[in-house]
Amino acid sequence: MNPVLLAVLLLSGLGLFLGIGLGVANHFMGVKEDPKVTALKGCLPGANCGACGFSGCAGYAEALAKSPNVRTNLCVVGGDAVSAQIAAILGTEAKATERRVARVRCRGTADACKRTADYVGVTTCRAAASYYNGGSACAYGCIGLGDCAAVCDVQAISVRQGVAAIDESLCVGCEKCARVCPKDRITVLPVRIPTVLCGNPEKGAATKAVCTAGCVGCKLCERACEVGAITVSDGLARIDKTKCVGCGKCAAACRFGVIRLHTENA
Amino acid sequence: MMIKSLLAVFLAAILTENYVLTKFLGICPFLGVSKKFGTAVGMSVAVTVVMMIATAVTFPLYTLVLVPLDLAYLQTIVFILVIAALVQLVEIVLKRYIPALYRALGIYLPLITTNCAVLGITILVLEKSAADASYTFLHAMVNAFGTGVGYLVAMVLFAGVRERLESADVPRSLKGLPITLISAAIVALSFLGFGGLVEGLLGGGV
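Residue numbers (my numbering), protein chains in the order written: chain P, 1 to 266; chain B, 1 to 206.
For the record, the hints were derived by calculation from the structure and aren't laboratory data.
Don't take every hint at face value.
With a cut-off of at most 25 Å between alpha-carbon atoms, the simulated DMTMM-like pairs for lysine to aspartate or glutamate come out as follows [as the list claims (entries may be wrong)]:
hint: 1; chain 1: P; residue 1: Lys-66; chain 2: P; residue 2: Glu-98
hint: 2; chain 1: P; residue 1: Lys-114; chain 2: P; residue 2: Glu-202
hint: 3; chain 1: P; residue 1: Lys-203; chain 2: P; residue 2: Asp-184
hint: 4; chain 1: B; residue 1: Lys-95; chain 2: P; residue 2: Glu-226
hint: 5; chain 1: P; residue 1: Lys-114; chain 2: P; residue 2: Glu-62
hint: 6; chain 1: P; residue 1: Lys-249; chain 2: P; residue 2: Glu-168
hint: 7; chain 1: B; residue 1: Lys-35; chain 2: P; residue 2: Asp-153
hint: 8; chain 1: P; residue 1: Lys-36; chain 2: B; residue 2: Glu-91
hint: 9; chain 1: B; residue 1: Lys-36; chain 2: P; residue 2: Glu-226
hint: 10; chain 1: B; residue 1: Lys-95; chain 2: P; residue 2: Glu-98
hint: 11; chain 1: B; residue 1: Lys-95; chain 2: P; residue 2: Glu-202
hint: 12; chain 1: P; residue 1: Lys-249; chain 2: P; residue 2: Asp-153
hint: 13; chain 1: P; residue 1: Lys-41; chain 2: B; residue 2: Glu-166
hint: 14; chain 1: P; residue 1: Lys-32; chain 2: B; residue 2: Asp-169
hint: 15; chain 1: P; residue 1: Lys-241; chain 2: P; residue 2: Glu-226
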């Protein structure tokens, strides 16, 4: 047989054989992706921030397609537009997204919070946190070296007077800053809920000894709250976000300005 | 005797003939995936599996089909075709039966399709078997496995080196890829020290 012809035949035969083999394998073993999941993935922003509580956008898309109980408004990056698109794909009613923003739960600025030492070293919060809290007298407060500002994609965070400050009009609520904070001082909450801007659970006197801006646990807010959403324990007020209605009475009652009611651009 | 020669092939494939560090094959994933220990191991395991399957198919294909038909010169193109199809098949099977591993490997699986280390092992075992009549299919399979393990060793070693590089104070002009290449060269250099080790251990005949 002509060697050229043989070579051509062998190669095309092999190619055909392998192609058919793969086709058959795909037919019997292939995994068909739900077309809904593909469509959902398409309309999610792809930020993979995890703010929805699932492992990235793909995880959220799969969860949405699988269970009708998963809410369509969990994507904080995409907002209402994405929620409406998701609802259209799933054939359910669109719900407005609740805008969530990150808050720094600390007011221990340079003049409020005492220092025990000057920190000289790697200028990240993570490094400083492992070494006498970067010289801060409060073991719970913001270190202020801006690890959160560094990871923020929308440049919403700046460090002012040694405490991270978040521009809520820019914040998309992706929680990246909250994950990177070594002191767990940042939380992402719906805008309507007020925040206790202190995380020091020591008794009032001990808190006052290190920082003039801290929560002393005086219980004024607890008494002011009409829905019982605030409890003071360990000398620190805590707000139950499932009970809170966002009326702002606690913020008005606090004599130290530790509770702040958030409005847009507050 | 058989076991001894298989052991020699296995050890040689890991140490003296390490594909990444002495033959410089498969450098792309070596540099690309060695940043983290976990992915380095995952990639190496995938490469090992594909290497063994590829050798198991191409070795008989060459000796039983290409050589009798006088088409040995088609070796490279046929092997690429076979390896590409095999990787696709492995991908389909993994996606169906072990989705967790499939997701963990992610992009690396398709990348293996064009990994020269896989093509390299299939061709080099044939060269060895042509040069030495006692080199059988079993030797080829052990060689493929050993090469995969060698790949794993190189990846894991280098992942360790890179983790230390992360915290090292590198001159600015060398940051990133330059220092990675330099440290890869030093690790490769250290593998030269294994030269002659296997012959010495098992008394020649490798």
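**Request:** Given the hint that P:Lys-249 pairs with P:Asp-153, test it: the Cα-Cα distance must not exceed 25 Å.
**Result:** Given that 25 Å is the threshold and the Cα spacing comes to 34 Å, the pair is violated.
**Prompt:** Regarding the pair B:Lys-36 and P:Glu-226, is the alpha-carbon distance no greater than 25 Å?
**Reply:** violated, 52 Å
**Asked** Does the alpha-carbon distance linking B:Lys-95 and P:Glu-226 stay inside the 25 Å limit?
**Response** violated, 54 Å
**Request:** Sort out whether P:Glu-98 lies within 25 Å of B:Lys-95, counting only the CA atoms.
**Result:** violated, 36 Å
**Prompt:** Is the Cα-Cα distance between P:Lys-249 and P:Glu-168 25 Å or less?
**Reply:** With Cα atoms ~21 Å apart, P:Lys-249 and P:Glu-168 stay inside 25 Å; holds.
**Item:** Pair hint outcome, P:Lys-36 versus B:Glu-91 [Cα-Cα no greater than 25 Å]
**Value:** Distance of about 23 Å is within 25 Å: holds.
**Asked** Are the Cα atoms of P:Lys-114 and P:Glu-62 separated by 25 Å or less?
**Response** violated, 49 Å
**Item:** Pairwise hint evaluation, P:Glu-202 against P:Lys-114, where the allowed Cα distance is 25 Å at most
**Value:** holds, 15 Å
**Asked** Is B:Lys-95 close enough to P:Glu-202, meaning Cα to Cα at most 25 Å?
**Response** Between B:Lys-95 and P:Glu-202 the Cα gap is close to 52 Å, so the pair fails against 25 Å, i.e. violated.
**Prompt:** Taken at face value, is the distance from the CA of P:Asp-184 to the CA of P:Lys-203 at most 25 Å?
**Reply:** This hinted pair holds, its Cα atoms lying about 20 Å apart.
**Message:** Against the 25 Å threshold, does the CA-CA distance of B:Lys-35 and P:Asp-153 hold or violate the hint?
**Reply:** Answer holds: B:Lys-35 to P:Asp-153 is near 23 Å, not above 25 Å.
**Prompt:** Regarding the pair P:Lys-66 and P:Glu-98, is the alpha-carbon distance no greater than 25 Å?
**Reply:** Holds - the C-alpha atoms of P:Glu-98 and P:Lys-66 are around 23 Å apart, at most 25 Å.
When the structure is compared with the earlier hints, violations turn up for hints 4, 5, 9, 10, 11, 12, 13 and 14 and for no others.
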